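Visitor: With the hints as constraints, model all of the structure from the sequences given.
In the UniProt record's numbering, the protein residues as written are 1 to 272.
Keep in mind that the hints were calculated from the coordinates and are not lab data. Careful, some of the hints might be misleading.
Restricting the straight-line Cα-Cα distance to at most 20 Å, the calculated cross-link-like pairs of lysine to any residue (SDA-like) are [to be verified]:
#1 K97 / S159
#2 K101 / A167
#3 K97 / S81
#4 K97 / V211
#5 K97 / E165
#6 K97 / F45
#7 K97 / I108
#8 K101 / S159
#9 K97 / L22
#10 K97 / D166
#11 K97 / F151
#12 K97 / V107
#13 K97 / R169
#14 K97 / P161
#15 K101 / A89
#16 K97 / L85
#17 K101 / A147
#18 K101 / A145
#19 K97 / L160
#20 K101 / Q155
#21 K101 / A162
#22 K101 / M88
#23 K101 / T175
#24 K101 / F151
#25 K97 / L158
#26 K97 / A167
#27 K97 / W180
#28 K97 / L164
#29 K101 / F148
#30 K97 / E163
#31 K101 / T111
#32 K97 / F176
#33 K97 / Q155
#34 K101 / L85
#35 K97 / A162
#36 K101 / L158
#37 K97 / V182
#38 K97 / T175
#39 K97 / A168
Everything numeric in this text was worked out from a predicted model, so none of it was measured.
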Amino acid sequence: MRRLPFSPWHLLLMPVALLFALPLVQMVLTAFMPDSDINRFPPRFIPSRLQLDGFTGLFTQSPALHWLLNTVIVAAVAVVSHLILCSMAGYGFARLKFFGKSAGFMVILATIMIPTQLLMIPTYIMFSRLGLIDTLAAAFVPWLASAFGIFLMRQFFLSLPAELEDAARIDGCNTFGVFWRVVLPLARPALATLTVFTLLGSWNDLIWPLVAISDENVYTIQLGLANFQGTRHTQWSLLMAGNVVATMPLIIAFVAAQRQFVATMTFSGLKG
1 MRRLPFSPWH LLLMPVALLF ALPLVQMVLT AFMPDSDINR FPPRFIPSRL
51 QLDGFTGLFT QSPALHWLLN TVIVAAVAVV SHLILCSMAG YGFARLKFFG
101 KSAGFMVILA TIMIPTQLLM IPTYIMFSRL GLIDTLAAAF VPWLASAFGI
151 FLMRQFFLSL PAELEDAARI DGCNTFGVFW RVVLPLARPA LATLTVFTLL
201 GSWNDLIWPL VAISDENVYT IQLGLANFQG TRHTQWSLLM AGNVVATMPL
251 IIAFVAAQRQ FVATMTFSGL KG
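Guide: The structure is reproduced here in structure tokens:
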């Protein structure tokens, strides 16, 4: 029997992948549909004609570019702070010795199990007293660091051979020099994965900005798109066009970091 040029698992994975891609394809096609096709019953999957009214309406009837800029700022601050703070904390828990190390790590790890909704009221009260409500800081401060990011970086650092760090110390490097010059360059796959996770979470965050931000000038793109949905009327063409604009950067980021993402899942023991 002639062997297949690919893994037999692909025969199962390809239909599943197409099934997951179907809503994305429908979203893109709907963004180019005229309203007559969107509102008809039964709904059409292939538009009768292509038009750009959804995209032109998105940028002329709403400050979508300003919302997109706000989202870029929030995501950029979240990614940079995660890469700095989570990598330093993860290295500390993986390699340094200090009192309460295990207990402190377990406490941080336990916060993952706390529902976000449970923390909204106390977080809102704290942000209100700090004067952060209705500011862009209200959207990115909760994303400065995360327990999952610390856990991910710690697991990756534990997988690195300690002999590399010992050799650097023999050559005269201090602890920060070992971290900056030896460990961090080897952690590029983990940093790329952390970037994807943080970008995805901060870019798509809706619930907390919906609670903390009511000023339209401070809206993120997800919060702005939520306003296109009303009780009696939904602007579907604008909503789908906005979703296409909001989704494309995430797809590009994931495709760019896909190889590093798989490498980190292999080395950090997070497979499955």
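Visitor: Checking one constraint from the list: CA of K101 to CA of A147, max 20 Å. Satisfied?
Guide: Holds: K101 and A147 sit about 15 Å apart, inside 20 Å.
Visitor: For a C-alpha distance cap of 20 Å, please report whether K97 and F151 respect it.
Guide: Holds - the C-alpha atoms of F151 and K97 are around 17 Å apart, at most 20 Å.
Visitor: CA of K101 to CA of S159, is that 20 Å or under?
Guide: holds, 18 Å
Visitor: CA of K97 to CA of I108, is that 20 Å or under?
Guide: The given pair, whose Cα atoms are some 17 Å apart, holds under the 20 Å limit.
Visitor: Holds or violated: K101 and A162, Cα atoms, limit 20 Å.
Guide: holds, 18 Å
Visitor: Would the hint linking K97 and V107 be met if the CA-CA limit is 20 Å?
Guide: Holds, at roughly 17 Å.
Visitor: Taking 20 Å as the top limit, are the C-alpha atoms of K97 and A168 close enough?
Guide: holds, 18 Å
Visitor: Is the hinted pair K101 and L158 satisfied, with a Cα-Cα distance of at most 20 Å?
Guide: holds, 15 Å
Visitor: Verify the proposed pairing of K97 with T175, using a straight-line Cα cut of 20 Å.
Guide: Roughly 12 Å separates the two Cα atoms, so the pair holds.
Visitor: Taking 20 Å as the top limit, are the C-alpha atoms of K101 and F148 close enough?
Guide: holds, 17 Å
Visitor: Is the hinted pair K97 and L160 satisfied, with a Cα-Cα distance of at most 20 Å?
Guide: Distance of about 17 Å is within 20 Å: holds.
Visitor: Just to be careful, I want the Cα atoms of K97 and L164 compared with a cutoff of 20 Å; is the pair within it?
Guide: holds, 18 Å
Checked against the numbered hints given earlier, this structure breaks hints 2, 3, 4, 6, 9; the rest are met.
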